[in-house]
Amino acid sequence: MLWTKQDDIAFIGDNFESLKFVDNEKLPYFEINQNELLPFLKEIKENPNLQFKMFIDFTVADYPLHKPRFQGVYFLYSLILKKRICIKTWAENERLPSLTGLWKGAKWAEREAYDMFGIQFEGHENLVRMFMWESYQYYPLRKDFPIEGIKDTYLPSLNEKPGSMPSHDYEEYHTAIPTMEDLEETEKKRIQKKAQIVLNWGPLHPGTHGTIWFLFDLEGEKVQNCDIILGQLHRGVEKIAENVTYTQFIPYTDRMDYISAICSNVAYVNAVEKLLNVEPTEKAKWIRTMLCELQRINSHLLWLGTYALDLGALTIFLYTFREREKIMDIIEGIAGIRLNSSYIRIGGVRLDLPEGALDVINHFIKDFPTKLEEYETILTKNRVWLKRNVGVGIIEEEDVYNYGLTGAVARASGVAYDIRMIQPTDKYDEVDFEIPLGTVGDSYDRYLVRMEEMRQSLNIVKQCVEKLEKLKDDKHIATDNPYVLPTLDETFISIESMVKDFNLRIYGEQAPEGEIYLSGENPRGELGFYIISKGEGRPYRTRIRSGAFYNLQIFPELIKGRTIADAVVLLGSLDPVVGETDR
Amino acid sequence: MAIMNNNGIILTTAEEVLSWGRRNSLWPVSIGLACCAIEMMHTAASRFDTDRLGIIFRGSPRQSDVLIVAGTVVNKVAPMLKLIYDQMPDPKWVISMGGCASAGGPFPTYSTLQGVDRIIPVDVYVPGCPPTPQALLWGILELQKKIKAKREGKEFKEIPIKKAEPSFPINK
Ligand code: SF4
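As given, the protein sequences belong to chains A and B, one line each in that order.
Under our numbering, the first residue of the first sequence is numbered 1, with each subsequent residue one higher.
Under our numbering, the first residue of the second sequence is numbered 584, with each subsequent residue one higher.
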C-alpha cells in the first residue's frame, strides 16, 4: 500500500499550523495538534481532490514516560489517490475529540480505546465499555497493568475434594468475575426499553455464531432499536502480543480468527517480515498463496453451512462439512494440525510440502466445482432462500466507507476493495483472478459474491499448484536471514544454527525501531496489523484491525425497522467470528 | 447385569436400565465458545457423526444432560455459563474440551477464566488445542464409562496423577 506523503496534500498544508510530516520509510505519518484534528480530517475527507472517505482504523498507544501520555493513531483510505494516510495526535489530558460525527465506524473503535486505555472522547454518543463489563475498574492495555490481571478473588477448583491434596499446583486466587448484576448494568447502559420488550439474543445461543450478545428493543416483531455487547471472548490478545516474541505470537493469530487460521498467520507474518526486512523464499510465497486460498474456501464453506443451517437447510450444513473435512485433511497433511495450524513462519513456512500433497490438491480442484454446483442447485434459485435473502439488509456504498466495511460485505455493495489487488503480498500480483462485485448490497448479493469467490480461489489454487510443481527442490524457508529460525535439521547439524535458534527463541527477533501497518485480505475482511517496535525482542504495541469487528458494527443500523427473524439472516451474511471481533 | 433366560425374558434392575439409557443418549447443549467449537461441530457433522452414539445436540439446556465446554471461557461469560449449567436437569455431566476450558490454555491473561472447573465441576477433561474430533469422541466414550461405573457402585478409576512437591512456598 502506498502511503500518503507531504506532496499529496501539499495544497491544504498551509491552513493547519501544527501539521507535521514525518517521513518514515515504512510508515510515513502526519502529526497534528488535537485542536486541529477534526477540521483537518474534515478537510481531507471532503476535499474532492483527496477524498479520504474510508475509515480504516483508530487506535491508541500508551507511552507512560511521555507527556501527554496517550497517542491516538488514525488510518484512512483515499478513493482517488488509492493511498492510505496515517495521522497521529497526542491526547491532552487523556481526552480526544470523537470522530463519530465524521465516520460512524469510529464509534466502536473509540469505545474500545476508552475500555482499554481510559481515554475520554468528547462528543461520543454513548461512551461505554466495549469488551469488559461496566463495573470493571481497570484499563487493561495500559502499560502499568499486568498481563495476568489483579488476582483478588478466591476461586478454587470445584474438582478438588475437601481434605485431599490438590491435583496440581495452581493459584487459588483469580481475577474478578462479574456478577449477574454487573452484567445487567452493562446491558442497561446500552439499551433502554422504549418499545414493548427488550429481547436478549445470545451470548450463548447456537444462532449467534459464537458468543455475541444482542439486545433488541421490540415493538411486536419489529426491531425498534438494537445494540450489541461484545467481549464474551475477549482474551486479551493485544496484551499478550506485547509480552511474547514475534514468533511466539503466531499461534495466537490463528486462535483469533480460527476459521481462517492460515490467512491470519500470513497477514501477521507479512507485517513482521516487512518490519524486519526479511524476504521469504519464492516457494514459500507460492505455498502461502495456495494455502490462503484453500483456507478461504474452507472458511466460506463453514459460512455457507452455518448460514444455511440458521435458515433451516440442514442438508447444506452436512454437505459443506463433507468438503471441509477434505480441506482440513489437506491442511493436516501439510501442516500437521487440522484447525489452528500455525504453519507460517517468519521467512517462509514451517515444513516443506510433503510428497503427494500437490496430487491431493489437484484432485480436490477437479472434484470441488461439481460440489459447488450442487450447493448452488439447492440454494441459488430456491424460493425459500430468495424470500429470506433478497432485499434484506441493503448496505449502501456510502455506508461501506462510513463504517469501514471490508471483505465480501464491501464487495457485495459494489466497492472493489480487495487487499489482494490494491496491495498484493506474496504472489497475488502474479496470479490471475477476478473480484466479484455485487450490485444491490443485500444478503443475497453477499451470498452470491462469496460463492463466486470460492470459484476464484479455486482458480488461484490451480495456478499455484502448477507453479509449485516446478519448484520442487527449492527451499521453503529463508534460513540465511539472521531473523529466521533455522529448521530442525539445521539445528541438529550445525552449532551456529543451534546458537541462533537459542538466541531467537529466548531473546526474540530484535526488530529495528519503527512502525508498520500491513494488512491481508481475510475471508472476513481486512485484517491489519499495526506494530510498534522499540528495537526490542518484543513489540511495544500490536494493534489488530479486525475486519469482522468493523463489519459487525453496521448490524444495529441494518436491523432497525425489520422483523426479528431477519436478524439471523443478517448476522449470517455479515459472517463475523467472535475470536476476531473480541480479540 | 441383565440376564436372559430361554423364554426371551430379560431380568434387570431399574437402575441398570436408567444408566444404560443415560449413557447411550447423551444430549449436549449446543454451545460454542471459541475455536474448539468448530471441532465440536465437525464431530457432530458428516464424517464423525455423533448421532451414531445417540448424541444429539439440543438448543436448550433444559433438554440436555451434557455440557461440552468447547472453547475459552472468559470472565465475562462465566456467570452465564454457570446459569446454563444450573438450568440443566439432573443428572448432568460436563466435558471440558481443550486447553482453554481445562486450565486457561494459551491465555494466562486478565480476562480469561483459568479453568472452567472453578465455576462448574468437570467430569472429563479432553486435552488439545483444539482436540481433534477423535479426541472429543474419546472424551465422550470415557464419560460413558464413568456413568456406567457409577451405576455399579464403583468409583471410576481415574489415571492417578503423581503429586510433585511444590518447589516454592506459596504465600497467601
Ligand atoms: S483450547 Fe485452543 S483451540 Fe480450544 S478454544 Fe482454546 S485456544 Fe481455541
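Quick caveat, the hints were computed from the structure, so don't treat them as lab data.
Among the clues, some could well be false.
[Said to hold, decoys possible] Example chain B residues on the side facing chain A (calculated, C-beta under 8 Å, incomplete):
| id | residue |
| --- | --- |
| 1 | Ala597 |
| 2 | Val600 |
| 3 | Leu601 |
| 4 | Ser613 |
| 5 | Gly615 |
| 6 | His625 |
| 7 | Ala661 |
| 8 | Ile667 |
| 9 | Met671 |
| 10 | Thr695 |
| 11 | Asp700 |
| 12 | Ile703 |
| 13 | Cys712 |
[To be verified] Okay, derived cross-link-like pairs now, DSSO-like style, lysine-lysine, Cα gap no bigger than 27 Å in a straight line:
| id | chain 1 | residue 1 | chain 2 | residue 2 |
| --- | --- | --- | --- | --- |
| 14 | A | Lys470 | A | Lys26 |
| 15 | B | Lys729 | A | Lys161 |
| 16 | B | Lys665 | A | Lys188 |
| 17 | B | Lys731 | A | Lys161 |
Every residue gets a Cβ at the ideal spot worked out from N, C-alpha and C, and that includes glycine.
Right, here's what the structure says about each hint:
no.	hint	in the structure
1	Ala597	violated, 29 Å
2	Val600	violated, 29 Å
3	Leu601	violated, 25 Å
4	Ser613	holds, 5 Å
5	Gly615	holds, 6 Å
6	His625	holds, 7 Å
7	Ala661	holds, 5 Å
8	Ile667	holds, 6 Å
9	Met671	violated, 12 Å
10	Thr695	holds, 5 Å
11	Asp700	holds, 5 Å
12	Ile703	holds, 7 Å
13	Cys712	holds, 7 Å
14	A/Lys470 with A/Lys26	violated, 34 Å
15	B/Lys729 with A/Lys161	holds, 17 Å
16	B/Lys665 with A/Lys188	holds, 21 Å
17	B/Lys731 with A/Lys161	holds, 21 Å
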